[in-house]
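By the count of full-length UniProt numbering, the sequence shown reaches residue 324 at its end, each step adding exactly one.
Hints listed in this document are in silico derivations from the structure and should not be mistaken for laboratory results. Glycine is no exception: its CB is placed at the ideal position from the N, C-alpha and C atoms. Check each hint, because a few of them may be wrong.
Pair by pair, the computed Cβ-Cβ distance ranges are [unchecked claim]:
#1 Pro323 to Lys293: 25 to 35 Å
#2 Gly140 to Gly162: 43 to 53 Å
#3 Ala145 to Asp218: 30 to 40 Å
#4 Lys280 to Ala178: 38 to 48 Å
#5 Ala145 to Glu306: 20 to 30 Å
#6 Gly140 to Pro92: 40 to 50 Å
#7 Gly162 to Val203: 20 to 30 Å
#8 Pro323 to Thr206: 30 to 40 Å
Restricting the straight-line Cα-Cα distance to at most 27 Å, the calculated cross-link-like pairs of lysine-lysine (DSSO-like) are [unchecked claim]:
#9 Lys95 to Lys293
#10 Lys95 to Lys9
#11 Lys225 to Lys122
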Amino acid sequence: MEGEASKTKTVCVTGAGGFVGSWLVRRLLSTGEYTVHGTVRDLGDRRTGHLKALDGAGERLRLFKADVLDYAGVAYAVSGCGGVFHVASPVPADKPQNPEVEVLAPAVRGTQNVLKACHQAKVGRVVVVSSAAAVAMNPGFPRDAVLDEDAWSDEDHCRTTGMWYALSKTLAEREALAYAEKTGLDVVTVCPPLVLGPLLQRVANTSSLVLVNLLKGDRDTVEDKARNAVDVRDLADALVLAYETPEASGRYICGAYRKKLSEMVDIVKSFYPDLTRPMKFVEGEEERMMSSKKLQALGWKLRAVEECLRDSVESYKAAGLLPE
């Protein structure tokens with residue numbers, strides 16, 4: 001029994017060095033209960049130094065060099081784990097030259113490899129980080145509809161319009177849930193929208209650059225659309241909640257708030273009146289409304305948008321991404 005209890009408290013996080021992965025590792029280590037296996041593509045200090053510096057990392061964090069397309073590497077990292085958080089997936093900042101190779105294969109085949117390794121290792125539960133992009137990209141939905149977990153992005157629409165990230169997340173999440181149905185593997189998926197919050201890693205990630213570039217005034221005219229967003233720390237809490245709650249099942253939308261970009265800028269201005277450049281906002285097509293009631297029913301709590309934006313900007317300034 002002691003060995004089984006140890007296995008339950010040993011978990012693997014794929015993509016541990018990224019924005020979400022780093023905060024998830026920190027959240028797991030902070031409990032004092034979990035031993036964490038983290039997969040990274042580069043073991044160098046530039047990519048992993050922030051992980052090694054986390055409280056508890058010296059005793060309870062083990063890093064593995066593994067690409068999700070390398071089944072053997074993934075299987076080695078997952079071995080001995082009672083739970084797995086599959087976070088690793090490409091988030092392209094620019095239009096990919098070869099979307100099949102750069103985006104779709106890592107997302108879909110990578111997920112297949114993780115699931116197969118988990119099934120072979122008899123992992124108790126797999127929590128897959130999907131995206132709101134797998135929920136809302138469907139022109140057939142009424143504009144005023146509030147989307148829940150039954151909503152799925154339209155794959156043909158994503159492909160014909162070049163929304164490769166949305167397509168990759170839709171295909172990967174469908175694969176995860178189908179694999180669970182076929183094999184009996186316990187899989188829960190979590191779908192966050194735009195993820196903001198303070199940085200732990202040294203390199204700015206794609207979602208953080210949305211806010212950084214907005215505040216730097218990279219464009220004179222900004223399409224002022226409402227964006228769904230969540231703080232990375234609240235997302236980490238949601239992922240652990242989905243893992244630890246026995247009755248959790250299926251999909252969970254994980255969105256904290258919905259704000260126009262101009263509203264986000266106004267909130268930042270209230271803290272840092274001299275930080276933002278003047279810019280012209282024009283009306284834009286707004287993101288779909290989504291409900292996180294299913295996740296909140298598990299007991300998920302979230303912080304105020306003001307705290308999220310203030311802490312985000314503080315970390316961007318500390319990282320040299322914004323002026324002091």
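Status of each hint after checking the structure:
Between Pro323 and Lys293 the CB atoms are about 40 Å apart, so this pair departs from the stated range of 25 to 35 Å. Between Gly140 and Gly162 the Cβ separation comes to about 19 Å, which falls outside the hinted range of 43 to 53 Å. Ala145 and Asp218 have their C-beta atoms about 32 Å apart, which keeps the hinted 30 to 40 Å range intact. For Lys280 and Ala178, the Cβ-Cβ distance of about 46 Å falls inside the hinted range of 38 to 48 Å, so the restraint holds.
For Ala145 and Glu306, the Cβ-Cβ distance of about 28 Å falls inside the hinted range of 20 to 30 Å, so the restraint holds. At about 26 Å, the beta-carbon gap between Gly140 and Pro92 misses the expected band of 40 to 50 Å. For the pair Gly162 and Val203, the supplied restraint of 20 to 30 Å holds, since their beta-carbon distance comes to about 26 Å. In this structure the hint that Pro323 and Thr206 lie 30 to 40 Å apart at CB is violated, the actual value being about 22 Å.
Restraint check for Lys95 and Lys293: the C-alpha separation of about 33 Å exceeds 27 Å, so the hint is violated. Restraint check: the Cα-Cα separation between Lys95 and Lys9 comes to about 40 Å, which exceeds 27 Å; the hinted pair is violated. Our distance criterion of 27 Å between C-alpha atoms is broken by Lys225 and Lys122, whose separation comes to about 44 Å.
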